[in-house]
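Add chain Y to chain W, keeping to what the hints say.
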Amino acid sequence: MSATAAPEDSRPVPEPAGDDDPFVIAGEELASRLILGTGGMRSLDELRGALVASGTAMATVAVRRVGPGGPGGLLALLDELGIRVLPNTAGCGTAAEALLTARLAREAFGTSWVKVEVIADDDTLLPDAIELVDAAADLVDDGFTVLAYTNDDPVLATRLEQAGCAAVMPLGAPIGTGLGIRNPHNIELIASRLTVPVILDAGIGTASDACLAMELGCAGVLAASAVTRAQHPSLMARALADGVAAGRAAARAGRIPRRHLAEASSPAAGRVTLSGSPAGTAGSGR
Amino acid sequence: MLVNGEQWDGPAGVTIAELVAGRGLPVRGVAVARNGEVVPRSRWEVVTLHPGDTVDIVTAVAGG
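Protein chains in written order, with our numbering: chain W, 870 to 1155; chain Y, 339 to 402.
Chain W extracted, bound-state conformation (with noise of 0.2 Å):
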């Protein structure tokens, strides 16, 4: 580039995650807000890559009864990694079933931090409301961390931080739709009311929704499909983790108001006129 473009490369770069700006859930602070699910991956392989590109610190596993072929390779890929187990109760339709599924991975991966979701069908995957709020207490009751999968809805919201949940996880659209924020609305609600992180979680489908989300006010984003099922998953995985973290930027750097007429931002005075042209009255300046 010439030397004219120097200024603006000398500029500071926002800061990460990190530093002056910690991603901490229950107290523990999180190096990425970028949180990976692995499902619908198609190797270990291909995970490890869109693990690595996407900088996560913590990464969702399902609980499942072992298979003919063993455990798998997927808990020894995280720990090598350094990656941090987030358990789900996916596949759960009961605050009973989420409760043992929940205690079995507390057992088996020895740690208490759980993502609840307790589903109504297998045709939305949408939360069941009802039973959600009563596995999060159940859990939190158990001594569990608990991070809870829920519907876009204020109110639900309120009542799972006062549940004693640790995060809310708000969906932006129904799992593994990429469809991306429905109710953009409902999301700056709840990250406005909640005082615990709310990290949105199902929906996002490409960078944009992920920067969306922390544009308004998620602390973080919780993306599955979106990378496993892209057709190059490391390279979404990467275009994500931009996505939040430009999200994230904009949203500590403060918008502007949006309006209904052009502001001119530059002087109106001063402008060359030619004579007889009336001065005044095509506006301000561009």
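Keep in mind that the hints are not guaranteed to be accurate.
Some chain Y residues judged to face chain W by a derived CB distance under 7 Å, without partners named [said to hold, decoys possible]: (1) Pro-349; (2) Val-365; (3) Gly-367; (4) Val-376; (5) Ile-395.
If you're looking for bench data, these hints aren't it; they were derived computationally from the structure. Ideal placement from N, C-alpha and C gives every residue a C-beta, glycine not left out.
Below, chain Y alone, put in the same frame as chain W:
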């Protein structure tokens, strides 16, 4: 006995530790529930299984 949803004709009185080891499973990353209750690893050597018991042995799989 029903182990992970399949009939298993193991000897009555077999311990959970023996069941897990007999399947070549590692101790780490695995948890066991008997009749819907988690059996802590510290009790695998002493908890025995009997006809009619339902056992689930679980681990981590890739999931959102």
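Taking 7 Å as the limit, does the beta-carbon of Y/Ile-395 come near enough to a beta-carbon in chain W? 5 Å, holds
Does the CB of Y/Pro-349 sit less than 7 Å away from some CB of chain W? 21 Å, violated
Does the nearest C-beta of chain W fall within a distance shorter than 7 Å of the C-beta of Y/Val-365? Constraint on Y/Val-365 not satisfied, violated at 10 Å.
If you take the shortest Cβ to Cβ gap from Y/Gly-367 to chain W, is it below 7 Å? It holds, given that the least Cβ distance between Y/Gly-367 and chain W is near 5 Å, below 7 Å.
Is the interface hint for Y/Val-376 satisfied, with its Cβ closer than 7 Å to some Cβ of chain W? Holds, about 5 Å.
In summary, the numbered hints that this structure violates are 1, 2.
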